[in-house]
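Asker: Residue strings, one per chain:
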Amino acid sequence: MSTRPAWMERPRPVTVGAKGLALVTLMALVLVPMLVVVSTSLASQQEVDAGGGWVLWPARPSLDAYREILSGGVVTRALAVSAVVTVGGTALSLFVTAMLAYALSRPVVGGRVVMLMALVVFILPHAMIPTYLVVKGLGLLNTLPALILPSLVSVFNLVVMRGFFQGIPQELYDAAQIDGAGDFRVFTRLVLPLSKAVVAVVGLFYAVGYWNAFFSAILYLQDSSRWPISAILRLYVLQGNAIESQENLANEVTYAPQTIQMAVLVLAMLPIVCVYPFLQRHFVKGVLTGAIKS
Amino acid sequence: MTEHTVSRRTLFKALGAGGLVATAPALLAGCGSGGEAPAGTGGAQAPLPTFAAVSRATPDLPAGSEAVTDVYLSYPGQLTAATTAKPGDGSTVRFMLDTTAPPPVPMGQNAWWQALNAALGVTLELNLTPSDQYGDKFAVVMAGGDLPDLMFIDAFSFPPRFEDFVASQCHNLSELIAGDNIAQYPNLAGLPTYAWRALGRFGDGGLYSVPVARTLISNTLMVNRALLADGGQWTREAFAGALRGVSSGSRWGLAHSPFWHDAIHSAAHGAPNLWRVDGGQFTSAYATGEYRAALEFARELWQTGAYHPDSLSLTSAQKQTLFVNQTLAGNADGVTAAAPLATRIKGAFALDFAAPYQVSGVTSGWFTGAGAFGRILLKKTTKERAAMLLRLLDYLAAPFGSREYELIRYGVEGTHFTRGEAGQPVKTDAANAQNPGIVKISGGVPPYEGWLSPDIARRLHAWQTELAPRALKDPAKSNGLRSATASKSGATLDNLVKDAVNAVVTGQKPVSHWDDTVKKWRADGGDKIAEEYAASLASQP
Amino acid sequence: MALTQTRPRRPVRPAPATGAAPRPRRPGLWRRLARDRVLLLMLAPGVAYFLIFEYLPMVGNVIAFQDYVPFIGLADSEWVGLANFERMFTDGAFWNATANTLVISLLQLVFFFPAPIALALLLHSLTRDVVRRVAQSVLYLPHFLSWVIVVALFQQVLSSTGLVNGLLGDAGLHTVHILGNPDMFKPLVVVQVIWKDAGWGTIIFLAALSKVDEQLYEASALDGAGPWRRFWHVTMPSLRPIIVLLLILRLGDILTIGFEQMFLQRDAFGPEAAEVLDTFVYFTGIINGDYGYATAAGLFKGVVGGLLIYAANRVAHWFGEQGVYR
Chain A
0 MSTRPAWMER PRPVTVGAKG LALVTLMALV LVPMLVVVST SLASQQEVDA GGGWVLWPAR
60 PSLDAYREIL SGGVVTRALA VSAVVTVGGT ALSLFVTAML AYALSRPVVG GRVVMLMALV
120 VFILPHAMIP TYLVVKGLGL LNTLPALILP SLVSVFNLVV MRGFFQGIPQ ELYDAAQIDG
180 AGDFRVFTRL VLPLSKAVVA VVGLFYAVGY WNAFFSAILY LQDSSRWPIS AILRLYVLQG
240 NAIESQENLA NEVTYAPQTI QMAVLVLAML PIVCVYPFLQ RHFVKGVLTG AIKS
Chain B
0 MTEHTVSRRT LFKALGAGGL VATAPALLAG CGSGGEAPAG TGGAQAPLPT FAAVSRATPD
60 LPAGSEAVTD VYLSYPGQLT AATTAKPGDG STVRFMLDTT APPPVPMGQN AWWQALNAAL
120 GVTLELNLTP SDQYGDKFAV VMAGGDLPDL MFIDAFSFPP RFEDFVASQC HNLSELIAGD
180 NIAQYPNLAG LPTYAWRALG RFGDGGLYSV PVARTLISNT LMVNRALLAD GGQWTREAFA
240 GALRGVSSGS RWGLAHSPFW HDAIHSAAHG APNLWRVDGG QFTSAYATGE YRAALEFARE
300 LWQTGAYHPD SLSLTSAQKQ TLFVNQTLAG NADGVTAAAP LATRIKGAFA LDFAAPYQVS
360 GVTSGWFTGA GAFGRILLKK TTKERAAMLL RLLDYLAAPF GSREYELIRY GVEGTHFTRG
420 EAGQPVKTDA ANAQNPGIVK ISGGVPPYEG WLSPDIARRL HAWQTELAPR ALKDPAKSNG
480 LRSATASKSG ATLDNLVKDA VNAVVTGQKP VSHWDDTVKK WRADGGDKIA EEYAASLASQ
540 P
Chain C
0 MALTQTRPRR PVRPAPATGA APRPRRPGLW RRLARDRVLL LMLAPGVAYF LIFEYLPMVG
60 NVIAFQDYVP FIGLADSEWV GLANFERMFT DGAFWNATAN TLVISLLQLV FFFPAPIALA
120 LLLHSLTRDV VRRVAQSVLY LPHFLSWVIV VALFQQVLSS TGLVNGLLGD AGLHTVHILG
180 NPDMFKPLVV VQVIWKDAGW GTIIFLAALS KVDEQLYEAS ALDGAGPWRR FWHVTMPSLR
240 PIIVLLLILR LGDILTIGFE QMFLQRDAFG PEAAEVLDTF VYFTGIINGD YGYATAAGLF
300 KGVVGGLLIY AANRVAHWFG EQGVYR
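Residue numbers (numbering that gives the first Met the number 0), protein chains in the order written: chain A, 0 to 293; chain B, 0 to 540; chain C, 0 to 325.
The hints are simulated quantities; they were obtained by calculation from the structure and are not laboratory data. Note that the coordinates shown come from a computational prediction; the quantities given were computed from them, not determined experimentally. Keep in mind that a hint or two might mislead.
In silico DSBU-like cross-links for lysine-lysine, where the CA-CA straight-line distance does not exceed 35 Å [unchecked claim]:
1. B:527 <-> B:497
2. C:185 <-> B:508
3. B:136 <-> B:519
4. B:518 <-> B:487
5. B:487 <-> B:519
6. B:487 <-> B:527
7. B:519 <-> B:508
8. B:518 <-> B:508
9. B:497 <-> C:185
10. C:185 <-> B:136
11. C:185 <-> A:18
12. B:439 <-> A:135
13. B:378 <-> A:135
14. C:185 <-> B:519
15. B:382 <-> B:439
16. B:508 <-> B:497
17. B:518 <-> C:185
18. B:487 <-> B:379
19. B:426 <-> B:345
20. B:487 <-> B:508
21. B:487 <-> B:378
22. B:379 <-> B:85
23. B:497 <-> B:519
24. A:18 <-> A:195
25. B:487 <-> A:135
26. B:379 <-> A:135
27. B:379 <-> B:136
28. B:378 <-> B:527
29. B:487 <-> C:185
30. A:135 <-> B:136
31. B:379 <-> B:527
32. A:135 <-> B:382
33. B:497 <-> B:439
According to the in silico footprint, chain B covers these stretches of chain A (three or more CB under 8 Å from chain B) [what the hints assert, rightly or not]:
34. 48-62
35. 125-138
Which chain A residues stay away from chain C? Per the calculated CB distances, all over 12 Å, these [what the hints assert, rightly or not]:
36. 70
37. 76
38. 221
Glycine residues also receive a C-beta, built at the ideal position from the N, C-alpha and C atoms.
All chains should be built: construct the whole structure from the sequences, respecting the hints.
Answerer: See below:
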């Protein structure tokens, strides 16, 4: 049911039509390839071969690919590791980033210095070997914190969060000051409740970042049983691309069929796809649902 | 034996060079039969391990030469024992290697892994990394300084200053394996000499690595006989005609890739396998007229539409799929890809292996590998531990038909495999998940296990035997030569060539671009590499 | 972001009054530290992270001036001064790669940067709740496909045997040669990025739009403003700060356009068209284990990015925006 507010004009049919067409086209452009990915994971190897590697709709859908990858326990274990790292990492990152962003959005001694510090980090990200040596020196090798700490704060997220915090009008701060609230209480009682949208967005960005990170796992974890799902997925997806060299081709092919590759991909995407709608409501309000009252 | 009398002068010289440990076995080995004599009294080069064939079941289709793979059409009923005692000493052994398979179930719940530990007599800690990131992983491990006991690395992948790394951080195995010393490790002694030679020597001429060996012929040209009928030996023109004939708007003869271009066309036109050696002088294949002629031929093929137009975008997996669904009439690939492809084809057409086409006036070769796919290095440690680790590697090198081989490759009977009617192992569902992933570095020179697809096995063997006399190794790799320039910028130079080959074959650039590229390649390091290889070869025994 | 129509501004101290009243003296450093102690505590974890995991490894950037060999280590690798930079700057392929990178970046700025904004506005203007929620839950999905899959999917559609050519062939039209055609590389990669990330990019803008007070729309509608004027005077100002912020950050990153996407397609289109800075560094530095050279390129990117951020920030100030820092 459309809930158009009183002040809004009735949309012209042309506009409605154009918007509808645009939406349908965009959604089709996205959904059809996703459908192909899912269909390929449900198809048989023969169908996939006949279709040149992809299947639009499987004639006889089967869960064989999923059964095979879930049977070993590797994927379930990897999903669990990913979940732990993602939840823990996101919580810690949000906590540190939000505090940092808030402090930098207020006049604070050294605020400019810290901001410049962050920008330098943004343009000169850390390199692989030196970071590895630092992680090793801290004794974090082969531990899960090694997957979280080296990328704890993303300067991009920091700048976005700070930008949103800066938009909170001074009058609200003045009112809080009159009430005698200290900086931290202002942060927790005033700023955060007003910033559900940006917290949800930055939280989502961090979560997806942790979920998709595979390189740090491969570098810092010596025990391959603790690889997150992103590393497993990468292994499967890259299996079919053997390096062409005389030496390599003498080796036996460990070849994952396209069906299995797509099944792993779907399993890796599923948790985020399920979580996203819950986060969505925090940063999506239409023109209708109004904003926060003072 | 006059030249091996240890005169006072020789001894002082050896002591002066600080290489007494290295020279001693060299001197001793020179006194025995077999093995390779040291090259004079200067820098002593440790002799390669003396080959001693290891006993095992007779293959159904034996290899006539080092280029051909042994084929077994049935699993031996009676398994041999390749080792006499448990190799390990109860300690933990860390082994770093790369993988393309999903990681195994952790050791605590992995029956296969635990069985291996029990059989080996150690706790094996496997540090697996996806092949894609292995270079980075190796770099950080080198930088971090905490080396594992055993390290695997591709045989011809040389990180910068690799020699220095090996000489200073890895264990010199000469006293344990050079010459006749290898006899205490019978399975390692059964590894072919060409594999040891390909790994080369390091530091003061010592042996530092154990090879992961393979037979020489590793790639093949598979053809769809329904589309490209077998009319005997193709001439070049007939080959081009056949490919053209089969190509239409939706089907093509072959897919181009720089590697396969060399393997098929450069080889057929008589170009050498990367290098030609003439009286100690190294000439690059790229500088030869034969290579240029092959480029022109491939370019013609492309222009007549015999090549898939999107060749450069296709991955190996995609090319295999296109071959299976008959979009490609031929597919060049590794020999091990044949059997899985046959399974996918399900008899829709006959899969065969094509002999190279004949170019008039030219003796064509067939490019092969150097027979060593990788090397295993040991961290510098005590002699006792090194000896134990070598015993471990000896166990892992147990040949086909032994109990050890079956455990490493197939696991524990009942849990990971069952016996088929002919006694061959049939994998269970648990097998893949628990496979620790060390199969690729074990088994000595693995034979072709042909009982699942005997037809393919027979044809492959016949094809390899036919091509064996023409097998052409890369003289630099097969002699274990190294060049500082190649380590520093070899990959960049390869890239230059690869891009030029692609541009010329697809018609983006004229053939003159190839000539310019060769000039640039030589100036940017190619000539220097040739010099360095020549020097390296000259210093070899 | 702004709940009022006025531009958001940082709270500033009261300006000194002209006239007889004395200027309030700025409190001493210790007083300010004490006053801000809670805020400083809140800064602490983030600063600690920067120092330990970013600035400490940054010392490692010194390998750009060395012939760095991993197992020899930082301290003992040979010092070569500017040799790595010299080698880089005199390599024609480096400049070709840089040029390609800049062109693709600029194309992305023009075509990809506005796409999520337009999409967010479209979604925001939908009145049916259900439609909007469904659309949002769908459009961001491609972001989660790895580039390997995205490239493979595009190949499937655009190859000679693919969907597009199949349809063209059926209609009797001339087929198009996209894959492997160097002239098509740059448009292709931009289209790929739009498909993959435009939906994901809407999230930030939707969050910004969600902060706009409905009463503003109502007020301006009552004032007689039509949809376009409401858009221009209410919607756009709320988006302006975040757009400027993202633009500045994007400029700071201008020489980084994603390694994997380019690496997968470089060989097919040839290095002249398809080599970008990151793949160039890979094929000249990393693949040879020449980490010093790779780091030199990273420093070059950093310097260029830093200059651009500085310049863009000044321009933003000139337009009255906060920018990334003041």
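Asker: Against each hint, give a clear statement of whether it holds in the structure.
Answerer: Going down the list of hints, with the structure as the test:
Under the criterion of a C-alpha separation no larger than 35 Å, the hint pairing residue 527 (chain B) with residue 497 (chain B) is consistent with the structure, at around 19 Å. The straight-line distance between the Cα atoms of residue 185 (chain C) and residue 508 (chain B) is roughly 20 Å, inside the 35 Å bound, and the hint therefore holds. A distance of roughly 32 Å separates the Cα atoms of residue 136 (chain B) and residue 519 (chain B); the hinted pair therefore holds under the 35 Å criterion. The suggested pairing of residue 518 (chain B) with residue 487 (chain B) holds, with an alpha-carbon distance near 19 Å, which does not exceed 35 Å.
For a cut-off of 35 Å, the pair hint linking residue 487 (chain B) to residue 519 (chain B) stands: about 16 Å separates their Cα positions. With a C-alpha separation of about 12 Å, the suggested pairing of residue 487 (chain B) with residue 527 (chain B) holds against the 35 Å cut-off. Taking the CA atoms of residue 519 (chain B) and residue 508 (chain B), the gap is near 16 Å; set against the 35 Å cutoff, the hint holds. A distance of roughly 16 Å separates the Cα atoms of residue 518 (chain B) and residue 508 (chain B); the hinted pair therefore holds under the 35 Å criterion.
With a C-alpha separation of about 22 Å, the suggested pairing of residue 497 (chain B) with residue 185 (chain C) holds against the 35 Å cut-off. A hinted pair counts as satisfied when its Cα atoms are at most 35 Å apart, and residue 185 (chain C) with residue 136 (chain B) qualifies at roughly 33 Å. Restraint check for residue 185 (chain C) and residue 18 (chain A): the C-alpha separation of about 29 Å stays at or below 35 Å, so the hint holds. Proximity of residue 439 (chain B) to residue 135 (chain A) is assessed by CA-CA distance (about 30 Å); at most 35 Å being required, the pair is judged to hold.
Restraint check: the Cα-Cα separation between residue 378 (chain B) and residue 135 (chain A) comes to about 19 Å, which is no more than 35 Å; the hinted pair holds. A threshold of 35 Å between alpha carbons decides the hint, and for residue 185 (chain C) with residue 519 (chain B) the separation of about 27 Å falls inside it, so the pair holds. Of the supplied pair hints, the one linking residue 382 (chain B) and residue 439 (chain B) holds, its CA atoms being roughly 27 Å apart against a limit of 35 Å. Among the hinted pairs, residue 508 (chain B) with residue 497 (chain B) is consistent with the structure: their alpha-carbon atoms are about 13 Å apart, no more than 35 Å.
Proposed proximity of residue 518 (chain B) and residue 185 (chain C) is supported: the alpha carbons are some 30 Å apart, at most 35 Å. Distance hint between residue 487 (chain B) and residue 379 (chain B) is fulfilled; the C-alpha atoms sit about 25 Å from each other, no more than 35 Å. For the hint pairing residue 426 (chain B) with residue 345 (chain B), the CA-to-CA distance comes to about 20 Å; that is within 35 Å, so the pair holds. For the hint pairing residue 487 (chain B) with residue 508 (chain B), the CA-to-CA distance comes to about 28 Å; that is within 35 Å, so the pair holds.
The hinted pair formed by residue 487 (chain B) and residue 378 (chain B) meets the criterion: a straight-line CA distance of about 24 Å does not exceed 35 Å. With a CA separation close to 23 Å, the supplied pair residue 379 (chain B) and residue 85 (chain B) stays within the 35 Å bound. Taking the CA atoms of residue 497 (chain B) and residue 519 (chain B), the gap is near 13 Å; set against the 35 Å cutoff, the hint holds. As the CA atoms of residue 18 (chain A) and residue 195 (chain A) are separated by approximately 29 Å, the hinted pair is consistent with the 35 Å bound.
For the suggested pair residue 487 (chain B) and residue 135 (chain A), the alpha carbons sit about 28 Å apart, so the restraint of at most 35 Å is met. As the CA atoms of residue 379 (chain B) and residue 135 (chain A) are separated by approximately 21 Å, the hinted pair is consistent with the 35 Å bound. Distance hint between residue 379 (chain B) and residue 136 (chain B) is fulfilled; the C-alpha atoms sit about 19 Å from each other, no more than 35 Å. The straight-line distance between the Cα atoms of residue 378 (chain B) and residue 527 (chain B) is roughly 32 Å, inside the 35 Å bound, and the hint therefore holds.
For a cut-off of 35 Å, the pair hint linking residue 487 (chain B) to residue 185 (chain C) stands: about 31 Å separates their Cα positions. With a CA separation close to 13 Å, the supplied pair residue 135 (chain A) and residue 136 (chain B) stays within the 35 Å bound. Annotation: proposed proximity of residue 379 (chain B) to residue 527 (chain B) holds, straight-line Cα distance about 32 Å (limit 35 Å). Distance check on the hinted pair: residue 135 (chain A) and residue 382 (chain B) sit about 29 Å apart at the alpha-carbon level, within 35 Å; holds.
Restraint check for residue 497 (chain B) and residue 439 (chain B): satisfied, since their Cα atoms lie roughly 28 Å apart, inside the 35 Å limit. Residues of the stretch 48-62 of chain A with a Cβ under 8 Å from some Cβ of chain B number 5, which satisfies the need for three, so the listed coverage holds. Coverage of the stretch 125-138 of chain A by chain B holds in this model, with 5 residues showing a Cβ closer than 8 Å to a Cβ of that chain against a need of three. Distance to chain C confirms residue 70 (chain A) as a non-interface residue, since its nearest Cβ pair spans about 24 Å, more than 12 Å.
Even its closest Cβ contact with chain C, about 21 Å, leaves residue 76 (chain A) beyond 12 Å, as expected for a residue assigned away from the interface. Non-interface call for residue 221 (chain A) relative to chain C: holds, since the shortest CB-CB distance, roughly 18 Å, exceeds 12 Å.
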